[in-house]
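**Student:** Starting from the given sequences, assemble the full structure and let the hints guide the process.
First residue of the sequence shown? That's 1 in this note's numbering, and the numbers climb one at a time after it.
Do not rely on the hints blindly, as some may be mistaken.
[What the hints assert, rightly or not] Label pairs and their calculated CB-CB ranges:
| # | residue 1 | residue 2 | range |
| --- | --- | --- | --- |
| 1 | P91 | M114 | 21 to 27 Å |
| 2 | L34 | I59 | 21 to 27 Å |
| 3 | G101 | I57 | 29 to 35 Å |
| 4 | A52 | W103 | 26 to 32 Å |
| 5 | A13 | A52 | 18 to 24 Å |
| 6 | A43 | F105 | 43 to 49 Å |
| 7 | L6 | I104 | 17 to 23 Å |
| 8 | Y33 | N65 | 32 to 38 Å |
| 9 | F105 | L64 | 30 to 36 Å |
| 10 | L34 | G5 | 38 to 44 Å |
| 11 | A43 | A117 | 55 to 61 Å |
| 12 | F87 | A110 | 20 to 26 Å |
| 13 | L34 | P109 | 46 to 52 Å |
| 14 | A116 | A13 | 17 to 23 Å |
[To be verified] In silico lysine to any residue, SDA-like type, Cα no more than 25 Å apart, as pairs:
| # | residue 1 | residue 2 |
| --- | --- | --- |
| 15 | K4 | T120 |
| 16 | K4 | F105 |
| 17 | K4 | P91 |
| 18 | K9 | L93 |
| 19 | K4 | L86 |
| 20 | K4 | P109 |
| 21 | K9 | L106 |
| 22 | K4 | A117 |
| 23 | K4 | A94 |
| 24 | K4 | L106 |
| 25 | K9 | L99 |
| 26 | K9 | T95 |
| 27 | K4 | A16 |
| 28 | K4 | A83 |
| 29 | K4 | G101 |
| 30 | K4 | A100 |
| 31 | K9 | A112 |
| 32 | K9 | S113 |
| 33 | K9 | E121 |
| 34 | K9 | V24 |
| 35 | K4 | A14 |
| 36 | K9 | G102 |
| 37 | K4 | R82 |
| 38 | K4 | M114 |
| 39 | K9 | M114 |
| 40 | K9 | P109 |
No lab work stands behind these hints: they were computed from the structure. Glycine residues also receive a C-beta, built at the ideal position from the N, C-alpha and C atoms.
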Amino acid sequence: MPGKGLVDKVVAAAIAAAFVFVAVVALGATLFYLLLMVVPAAAAAAVTAAVAALGAIIIAMTFLNRAKGEEDEEEPAGLGERAFVLFRNRPVLATVAALAGGWIFLRNPALASMVAAAFTESSRGRRR
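**Tutor:** Spelled out as structure tokens, the structure:
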């Protein structure tokens with residue numbers, strides 16, 4: 001099946017993101033309940049929120065610093081590569097586009113199969 005590597009990578013990334021989400025929520029709950037033994041509930045919630053915000057700032061700064069050092073790359077050739085670059089460079093726009101696309105695909109499954117065929121089709125030169 002053409003494009004199977006891409007599907008495997010997307011599935012692996014989704015699974016990893018789910019596990020990271022569960023780990024972060026569990027870490028936050030653990031921190032909250034540990035602080036609850038020492039301070040009142042409102043203070044424990046405030047400290048937990050502050051730690052979460054600090055972690056988000058550290059991660060954002062790390063990615064922003066990494067993005068500054070990158071050179072502009074050549075324009076990707078295929079449709080799949082362009083979609084990947086869009087998701088990497090503009091995650092909010094890409095998320096909205098993915099949600100809209102999912103809604104359209106639910107309304108018209110034939111369109112979903114055509115788009116999947118376009119993504120998995122290998123680019124070949126014209127045959128004569």
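**Student:** State for each hint whether it applies.
**Tutor:** Each hint tested on the structure:
1. P91 / M114: 21 to 27 Å: Between P91 and M114, where Cβ atoms are some 26 Å apart, the hint holds.
2. L34 / I59: 21 to 27 Å: 22 Å, holds
3. G101 / I57: 29 to 35 Å: Check passed, 32 Å falls within 29 to 35 Å.
4. A52 / W103: 26 to 32 Å: Since the Cβ atoms of A52 and W103 sit about 31 Å apart, the hinted range of 26 to 32 Å holds.
5. A13 / A52: 18 to 24 Å: 22 Å, holds
6. A43 / F105: 43 to 49 Å: 47 Å, holds
7. L6 / I104: 17 to 23 Å: 21 Å, holds
8. Y33 / N65: 32 to 38 Å: Holds, at about 34 Å.
9. F105 / L64: 30 to 36 Å: Given range 30 to 36 Å: holds, Cβ gap about 33 Å.
10. L34 / G5: 38 to 44 Å: 43 Å, holds
11. A43 / A117: 55 to 61 Å: 57 Å, holds
12. F87 / A110: 20 to 26 Å: With Cβ atoms ~25 Å apart, the hint holds.
13. L34 / P109: 46 to 52 Å: 49 Å, holds
14. A116 / A13: 17 to 23 Å: 18 Å, holds
15. K4 / T120: 8 Å, holds
16. K4 / F105: Status holds; Cα separation ~20 Å.
17. K4 / P91: Given pair K4, P91 holds - Cα atoms ~23 Å apart, limit 25 Å.
18. K9 / L93: 21 Å, holds
19. K4 / L86: The hint holds at about 20 Å.
20. K4 / P109: With Cα atoms ~20 Å apart, K4 and P109 stay inside 25 Å; holds.
21. K9 / L106: 23 Å, holds
22. K4 / A117: Holds, because 12 Å separates the two Cα atoms, which is no more than 25 Å.
23. K4 / A94: 21 Å, holds
24. K4 / L106: Given pair K4, L106 holds - Cα atoms ~22 Å apart, limit 25 Å.
25. K9 / L99: 20 Å, holds
26. K9 / T95: Between K9 and T95 the Cα gap is close to 18 Å, so the pair holds against 25 Å.
27. K4 / A16: 18 Å, holds
28. K4 / A83: This hinted pair holds, its Cα atoms lying about 16 Å apart.
29. K4 / G101: 21 Å, holds
30. K4 / A100: Measuring from Cα to Cα gives roughly 24 Å; hence the hint holds.
31. K9 / A112: At roughly 20 Å apart (the allowed maximum being 25 Å), A112 and K9 satisfy the hint.
32. K9 / S113: Within the cut-off at roughly 20 Å; holds.
33. K9 / E121: 17 Å, holds
34. K9 / V24: The given pair, whose Cα atoms are some 22 Å apart, holds under the 25 Å limit.
35. K4 / A14: Holds, at roughly 15 Å.
36. K9 / G102: Measuring from Cα to Cα gives roughly 19 Å; hence the hint holds.
37. K4 / R82: 18 Å, holds
38. K4 / M114: Since the Cα atoms of K4 and M114 sit roughly 16 Å apart, the hinted pair holds (cutoff 25 Å).
39. K9 / M114: 21 Å, holds
40. K9 / P109: 23 Å, holds
Checked against the numbered hints given earlier, the structure satisfies every one of them.
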